[in-house]
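A.B. asks: The chain contents come next:
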Amino acid sequence: MPSRPPRTHRRSTPWLLIAPALGWLAVFSLWPALNTAVLSFTNVHTLSGGQFIGPHNYQLMWQDPQLRDAIVNTLVFMAVCVPLLTFLPLLLALLVQRTLPFMGFFRTVFYFPVIASAVVVALIWQWLLDDRGLVNGLARQAGLVHSAVPFLTDRWLLLASAIALTVWKGLGYYMVLYLSALGNVRRELHEAAAVDGAGAVRRFWAVTVPGVRGTMALVSVLIAVSAMRVFTELYVLGGRTGGVGGQDVSLVMLIQQAAAGSDGRLGYASALSVFLFVLTVGPLLLLARWNRRTD
Amino acid sequence: MRRVRAALTLAALASLTLTACGVGGSSAAGGDKAVATDAPLKGTVTFQTWSLKNDKFTPYFTALIKDFESRHPGTTVTWVDQPGDGYPDKVTSQVTGGSLPDVVNLPPDIAHSVAKVGGLLDLAKNVPTLSKDYVRSGLTAYTYGDLGTAATYGFPWYLGTDISLWNKGMLQRDGLDPANLPKTFDQLLAQAKVMHDRSGGKDYLMSRPPGLSDIVNSGTPLMTPDGKTFAFATPGAAAMLDKYTAAYAAGYLPSDVLTSTYEGNSALFNKQVVAWTTGGGNYIASTQQTNPSLVPQIVPSPALDTAPLYVQGLSVSSKSKNLPLALAFAQFATDNANQAAFVKLAPGYLPGTTAAADDPSYSKSDGTAQGDASVFAYQDMQNAVNFTPPVWTSAMDTYLNQQIALAMTGKESSAQALHNAQDRANQLLNQ
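Sequence order for the protein chains is E and F. Heads up, the first sequence is in full-length UniProt numbering, so the first residue is 1 and it goes up one at a time. Heads up, the second sequence is in full-length UniProt numbering, so the first residue is 1 and it goes up one at a time.
For reference, chain E alone in the conformation it holds in the complex:
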């Protein structure tokens, strides 16, 4: 009969096993986050060590003429992306869940944009939506418009284009998450609901949605976090200044602009980063609360 390991050894084993992950977390997540918070109270620049200046960067932030636009754009982006990317991939997953001919092909096609680089995808959309792009060309030929639709120069159209791009690119990824969750929804429940006379829409709300609610909450959180950090889509579609006149600037673009170059204001960029963190935590708490309540 094998002897039992000493009690102290047993207690330390789990910690030893997770030590590499904890070390990784401390060095690459906790330390930078703490350092960013500290730097936000200094006037550190790219090439010069900073001095403690208290909450001055946070005061400057409220005087930033672009902050209001950045907050509005970021929140609108998130508010539209979260519901769209929570429900559309679920509907898509329901479609491709069936075992029909060529379904593998369709799943691959829907997943394809996920594999492509965000920059490449944004460039393709830029070519599509430009004044002389494919969409405007076709619309002109069809006689739908006389002058080009300003997809990339109008503030709200550019934001809508970036949202459409993000939804299109994210559909496949979240569809795969839902496909795996749908596999766990019991078939008997659907059959019972059908016997009781429930139609497809009723079964969707009464059986499918409750069955994948956990995944929906996870998806919502993931989308909310990534939407708050929107950058590439607006940067490529709207240009480095954030659209004409900088009206489509996002919070991450503001951070990038503040920190860029050999004269980058790292202290100020850190203050913006802390603000973005706080702004992100709010919707996350709301989503978590909603999830708890619906459970």
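Bear in mind the hints are in silico, worked out from the structure with no lab data behind them. A couple of the hints might just be wrong.
[What the hints assert, rightly or not] Here are the simulated EDC-like pairs of lysine to aspartate or glutamate, each with C-alpha atoms no more than 16 Å apart in a straight line:
no. : chain 1 : residue 1 : chain 2 : residue 2
1   : F       : Lys202    : E       : Glu191
2   : F       : Lys411    : E       : Asp69
3   : F       : Lys411    : E       : Glu191
4   : F       : Lys183    : F       : Asp305
5   : F       : Lys319    : F       : Asp32
6   : F       : Lys53     : F       : Asp85
7   : F       : Lys132    : F       : Asp305
8   : F       : Lys193    : F       : Asp174
9   : F       : Lys193    : F       : Asp177
On the provided structure of chain E, position chain F as indicated by the hints.
C.D. replies: For chain F alone, kept in the frame of chain E given last:
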């Protein structure tokens, strides 16, 4: 108790972080060292250029270094070349990492950032003949008001400017005379209207939004005389912006000049979409490599209004472990003979030495369009101005461009847009 312990741990972590990030200290000192130059030179230095290692320039640098080493036995110069893209970021990481090469090619704006933290040697303090040997405009570019007007942080190496380049075929097609080219911005506007009207809006003469150079060319100094405040929101600058706005609204510029799909003036000229661009004195020679069919159409002329001055210089790292050798090599590489040999490889540029500036050979064309362009560049450089103050940052430039775009699209008045940009620039200047 647990909460108290957690608070203490957090406080300890915060104080550790504060120490680690160097808060409370600045390393601005170090650039005003006096270098002893009487002892024989020996040892090794590293010399960094910016995108100059290629078939054209590598033999020159190899011979230059060999020549220096043979004149000073026991010395070694290690040449490194950095790619063109991301050079400012590379220099930034070298400065923060303490690995800036001993002798380094820096344009004035990057040199200003490095000098500001004490990373460059004050050459005025160590080279008594500096003002006699190098052209004033070049030295001025490396003299920074905010760091003291007595210090200079770069040897002017080679000077460039922009001339005007026109597409003869497009001009003639739209009834414009290549022998009567615009000399001022107002003449450019007038001819842009003619080209637009006669081509039915298909051809463009202008294709760039205004920038700092246009503000200066409108007769507006960017800063107050003491160099401490931006003051470019003047009626003259607003009138200039109004003209651009009207031209944009009338369709004299391509509609996408304000968007991310704007390819740039030079690219559109290369595609023969626009009939005017600005470029360096060697533009025609380089177009010969990229688009030879366009070259016969190109007619060069002097820059409109005042020409811009672009300066490249060699600086010496104040942290160099062999300052005498670094200083000697930087002086050697930028002396008149070596600079003259260098710019022979790049027609249209001018050496940064006073002796070369007086050389009459630069003012003679060989009769070709490239020869004419080189002469125009030489003539432009006599009165060219470095429009961008060293304290002008990328954040300021971004905001100015945004405000200009708002004005040109009619969402803001020109005067208000310039006021906004000026206020923001002053706010950033004091941060």
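A.B. asks: The structure should be examined with respect to each hint, and the outcome stated for every one.
C.D. replies: Now the hints, each set against the structure:
Of the supplied pair hints, the one linking F/Lys202 and E/Glu191 is violated, its CA atoms being roughly 66 Å apart against a limit of 16 Å. Proposed proximity of F/Lys411 and E/Asp69 is supported: the alpha carbons are some 15 Å apart, at most 16 Å. Restraint check: the Cα-Cα separation between F/Lys411 and E/Glu191 comes to about 60 Å, which exceeds 16 Å; the hinted pair is violated. A C-alpha spacing of about 7 Å is found between F/Lys183 and F/Asp305, which places the hinted pair at or below 16 Å, so the restraint holds.
A distance of roughly 11 Å separates the Cα atoms of F/Lys319 and F/Asp32; the hinted pair therefore holds under the 16 Å criterion. About 14 Å separates the Cα atoms of F/Lys53 and F/Asp85, which keeps this hinted pair within 16 Å; it holds. Among the hinted pairs, F/Lys132 with F/Asp305 is inconsistent with the structure: their alpha-carbon atoms are about 29 Å apart, more than 16 Å. Under the criterion of a C-alpha separation no larger than 16 Å, the hint pairing F/Lys193 with F/Asp174 is consistent with the structure, at around 11 Å.
Pair hint F/Lys193 plus F/Asp177 holds up; C-alpha atoms about 14 Å apart against a cutoff of 16 Å.
Consistency with the previously given hints fails for numbers 1, 3 and 7, ordered from lowest to highest.
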